[in-house]
Amino acid sequence: MTKTADPAGGLLEAARGQPDLLRQIAGLNIGIDGRLKPVTGLNSAKAHKLEKLYIAASGRNRGAAVAGKCILEELARLTVEIVYLSELSPRSEPRGNEEAVLLVTDLEDLNDDAPINRNCQPKLRGEAGSLAGPGFIRLALPVGLEISPAQSFSYYLSALFFLGLEMGRLRGTLANEKAGMWIRDFSRLVSLAEETLVRRQSYEELAREATSWHSVLLLGRGIHHAVAVEGAYWLNQIQGLHAEAFPAGEMKHGPNALLEKGRPVIVLATSDKSDGNSQLRYRKTMANIVEVNARDGQVIAIAADGDEEIGEEVKDVRYVPAAPELLLPLLEIVPLQFLCWALKSASPIGT
Amino acid sequence: MSQKPSKNGFPHFMLKEICEQPDAVRRVLRDWKDSAGHIRLPGTPFSAEEVKSFSKITIAASGSSRHAGLVGEFMLEQMTKLAVEVDFASQYCYRNPVVAAHELTIFLSQSGTTIDTITALQVARRKGVKSLAICNVPETPLTQNADATLLTHAGEEVAIAATKSFTTQLVTLFLLSVYFAELRATHQSSTDRAMRELPHLPEHMETALKTDQACREFAQQLYRHKDFMYLGRDIDYPIALEGALKLKEISYIHAEGCPTGELKHGPTALVSEEVPLVVLATRDENDESSMVRYEKSVSNIREFVEREIPVLAIVTEGDRQVRKLTSCTISVPSIPGLLLPIIEVIPLQFLAYHIAVLCGRDVDRPRHLSKSVVVE
Numbered sequence: 000m001t002k003t004a005d006p007a008g009g010l011l012e013a014a015r016g017q018p019d020l021l022r023q024i025a026g027l028n029i030g031i032d033g034r035l036k037p038v039t040g041l042n043s044a045k046a047h048k049l050e051k052l053y054i055a056a057s058g059r060n061r062g063a064a065v066a067g068k069c070i071l072e073e074l075a076r077l078t079v080e081i082v083y084l085s086e087l088s089p090r091s092e093p094r095g096n097e098e099a100v101l102l103v104t105d106l107e108d109l110n111d112d113a114p115i116n117r118n119c120q121p122k123l124r125g126e127a128g129s130l131a132g133p134g135f136i137r138l139a140l141p142v143g144l145e146i147s148p149a150q151s152f153s154y155y156l157s158a159l160f161f162l163g164l165e166m167g168r169l170r171g172t173l174a175n176e177k178a179g180m181w182i183r184d185f186s187r188l189v190s191l192a193e194e195t196l197v198r199r200q201s202y203e204e205l206a207r208e209a210t211s212w213h214s215v216l217l218l219g220r221g222i223h224h225a226v227a228v229e230g231a232y233w234l235n236q237i238q239g240l241h242a243e244a245f246p247a248g249e250m251k252h253g254p255n256a257l258l259e260k261g262r263p264v265i266v267l268a269t270s271d272k273s274d275g276n277s278q279l280r281y282r283k284t285m286a287n288i289v290e291v292n293a294r295d296g297q298v299i300a301i302a303a304d305g306d307e308e309i310g311e312e313v314k315d316v317r318y319v320p321a322a323p324e325l326l327l328p329l330l331e332i333v334p335l336q337f338l339c340w341a342l343k344s345a346s347p348i349g350t
Numbered sequence: 000m001s002q003k004p005s006k007n008g009f010p011h012f013m014l015k016e017i018c019e020q021p022d023a024v025r026r027v028l029r030d031w032k033d034s035a036g037h038i039r040l041p042g043t044p045f046s047a048e049e050v051k052s053f054s055k056i057t058i059a060a061s062g063s064s065r066h067a068g069l070v071g072e073f074m075l076e077q078m079t080k081l082a083v084e085v086d087f088a089s090q091y092c093y094r095n096p097v098v099a100a101h102e103l104t105i106f107l108s109q110s111g112t113t114i115d116t117i118t119a120l121q122v123a124r125r126k127g128v129k130s131l132a133i134c135n136v137p138e139t140p141l142t143q144n145a146d147a148t149l150l151t152h153a154g155e156e157v158a159i160a161a162t163k164s165f166t167t168q169l170v171t172l173f174l175l176s177v178y179f180a181e182l183r184a185t186h187q188s189s190t191d192r193a194m195r196e197l198p199h200l201p202e203h204m205e206t207a208l209k210t211d212q213a214c215r216e217f218a219q220q221l222y223r224h225k226d227f228m229y230l231g232r233d234i235d236y237p238i239a240l241e242g243a244l245k246l247k248e249i250s251y252i253h254a255e256g257c258p259t260g261e262l263k264h265g266p267t268a269l270v271s272e273e274v275p276l277v278v279l280a281t282r283d284e285n286d287e288s289s290m291v292r293y294e295k296s297v298s299n300i301r302e303f304v305e306r307e308i309p310v311l312a313i314v315t316e317g318d319r320q321v322r323k324l325t326s327c328t329i330s331v332p333s334i335p336g337l338l339l340p341i342i343e344v345i346p347l348q349f350l351a352y353h354i355a356v357l358c359g360r361d362v363d364r365p366r367h368l369s370k371s372v373v374v375e
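Those protein sequence lines, which keep their order, are chains S and L.
Per numbering that gives the first Met the number 0, the very first residue in the first sequence carries number 0; after that it's consecutive.
Per numbering that gives the first Met the number 0, the very first residue in the second sequence carries number 0; after that it's consecutive.
Just chain S, with the same shape it has in the complex (with noise of 0.2 Å):
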């Protein structure tokens, strides 16, 4: 993994590089067949054996697991669950073979702190880079593939959307014709992502009211709680705000509190029109919406092109391209990006 001395600066460079690293991540998981490549290690038994994964993962890498867990819970009804790298602990070691610890971390961050249990330690170094579990696994980066920190949360998301594929395949919860078209549905993301680009200035124009901000929730229901949990983690790096994420399901039971006259609140409610389930959510959200703007919040919706609902509700609402429900964080993630570029290149100098 490459360092980027400027936060910001890698920032713009991976929302600018957004549809280069979709391209190689379709090149690496897709063969010319336009089939899956196997992942190396994983079975038909084993893959049958899991019945919960563990995915560990701290920092810039919560907001890939947050996602993660939708993902193969979706595609390969497997029982997920996140825990913080730094809290792995015996409760959360893998009980025989129907348990797994996924990894979503740079070596790293393996170091000092985590994990807690010094049992743990030698068989996270031991299994490092495989993916041979069940037991521990790395979900390592290929060989030749350098992304920067900024990309790590569209990478990884990535990594498990396809092994999220590749289990579902395997433990026959997934069809093929369905899995065959989540492939195409991914390789469609990358002219989505161009898309994105063009649109560059309306993103960055966001940040001209955010340079007053001092802390700022963001909301997301479903898989879009990701990109909240990943929104804020760089707000607060960039900018060093108090930016905090929550289920937008979440908000009636306690951080609605906070909300008053100018409280900027920043809510992910893109939708999969053709997805009812999708829908539904969104229904949902556009209730949090509403519920935020009668507390005189200020709310920054991200919407998919052909939501002509929401602009009625919300005066700065900001499209992607519109796309299945479990890829649309990879396009909704490109809005943030540029505003934390914008953010930091408003404001004063020193700060």
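Treat the hints with care, since some could be wrong.
Cross-link-like lysine-lysine pairs, in silico, DSSO-like; alpha carbons within 30 Å at most [stated by the list, open to error]:
(1) 51/L to 45/S
(2) 80/L to 260/S
(3) 343/S to 263/L
(4) 263/L to 295/L
(5) 126/L to 48/S
(6) 51/S to 263/L
(7) 51/L to 48/S
(8) 370/L to 15/L
(9) 45/S to 55/L
(10) 51/S to 55/L
(11) 55/L to 48/S
(12) 177/S to 126/L
(13) 51/S to 126/L
(14) 126/L to 272/S
(15) 80/L to 51/S
To be clear, the hints were calculated from the coordinates, so they are not data collected in a lab.
In this text the structure is predicted, and so the values were computed from the model without any measurement.
Please build the complex by placing chain L on the supplied structure of chain S, with the hints as guidance.
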């Protein structure tokens, strides 16, 4: 007809309800004891065969109830050896959760009318999962539709911020874990200490109530800050989340909970002289892994203090190491680690309460919140 609730001389319902916690827990303990003094499940919700057949437990809840569920996850996993997962009720109900017939889903809600939790229960029923409602209020949509119900006996809770309903949920989850462990024969000697201490828990909570004055003094020092972070490890991490939620709900200060070890990977930019850190640094001297976590927390606190970051540490009686580093400590009785969350949350409730009072907030009825969330 129910009586009109009275503050009994307390300035707010919340303060009264914090102080009622030892008695509320006494009621829970009584409800779970048979005439011979043994722990048994009130009523007969599940047969021994059913309990033995469970292969997994999912807990679905929102807000404070979810935090109780996160503590319950540690209790249930440690004692029953079952895999336990906690989910936001609002996420569980709209994402086709991976659950099957031989599994148990526990629904936690003070009111029993929380819409997200009721919707989650409907999803669970469609999937044929066994369901258990843990509620404070009887005869509610949640208790009526679940296969079984456990009542938490907290008594009426008027203040919007949950206090006694939270600690009684924790005790109920502990007792449920003990009961399941017995039926499943996964009982371990490491939980014996917690079992022996359980009858004395109300007295330890009474001791913890004496932190009120100290919390008020720290509130005076801290209430002008705009942001707070609450830190905890392992079973204490959910209590950090709960402490932060209490402060957020009633003082409108942006407080966030985070695992102590995650701070340097996550919101690093928030660590500054401007943002007080409330650190749970309690320990169980008879538990090696608790001591390992404690040592790590001590070294974290040392680093914070050296960087002149304001720290308030919740420690165990007799603690010397943290006290050497900072004078800002509040101590709670020394009890087994599985029970510590139930008493260490008390100073965090007081802290939130006194800060909110100093900020001039309507403590019992904070803005934009309702006691039970009946619309999504």
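Going through the hints against the structure:
1. For the proposed pair residue 51/L and residue 45/S, the alpha carbon gap of about 26 Å is at most 30 Å, so the pair holds.
2. Of the supplied pair hints, the one linking residue 80/L and residue 260/S is violated, its CA atoms being roughly 48 Å apart against a limit of 30 Å.
3. For the suggested pair residue 343/S and residue 263/L, the alpha carbons sit about 21 Å apart, so the restraint of at most 30 Å is met.
4. As the CA atoms of residue 263/L and residue 295/L are separated by approximately 13 Å, the hinted pair is consistent with the 30 Å bound.
5. Our distance criterion of 30 Å between C-alpha atoms is met by residue 126/L and residue 48/S, whose separation comes to about 22 Å.
6. For the hint linking residue 51/S to residue 263/L, the alpha-carbon distance of about 28 Å falls within 30 Å, and the restraint holds.
7. Our distance criterion of 30 Å between C-alpha atoms is met by residue 51/L and residue 48/S, whose separation comes to about 21 Å.
8. Taking the CA atoms of residue 370/L and residue 15/L, the gap is about 16 Å. The hint holds against a cut of 30 Å.
9. At most 30 Å may separate the alpha-carbon atoms for a hinted pair to count; residue 45/S and residue 55/L meet this at roughly 20 Å.
10. A C-alpha spacing of about 10 Å is found between residue 51/S and residue 55/L, which places the hinted pair at or below 30 Å, so the restraint holds.
11. Taken as a hint, the residue 55/L and residue 48/S pair is honoured in the structure, with Cα atoms around 15 Å apart against an allowance of 30 Å.
12. The suggested pairing of residue 177/S with residue 126/L holds, with an alpha-carbon distance near 23 Å, which does not exceed 30 Å.
13. In summary, the hint linking residue 51/S to residue 126/L is supported, as the alpha carbons are separated by about 19 Å, within the 30 Å threshold.
14. For the hint linking residue 126/L to residue 272/S, the alpha-carbon distance of about 26 Å falls within 30 Å, and the restraint holds.
15. Under the criterion of a C-alpha separation no larger than 30 Å, the hint pairing residue 80/L with residue 51/S is consistent with the structure, at around 14 Å.
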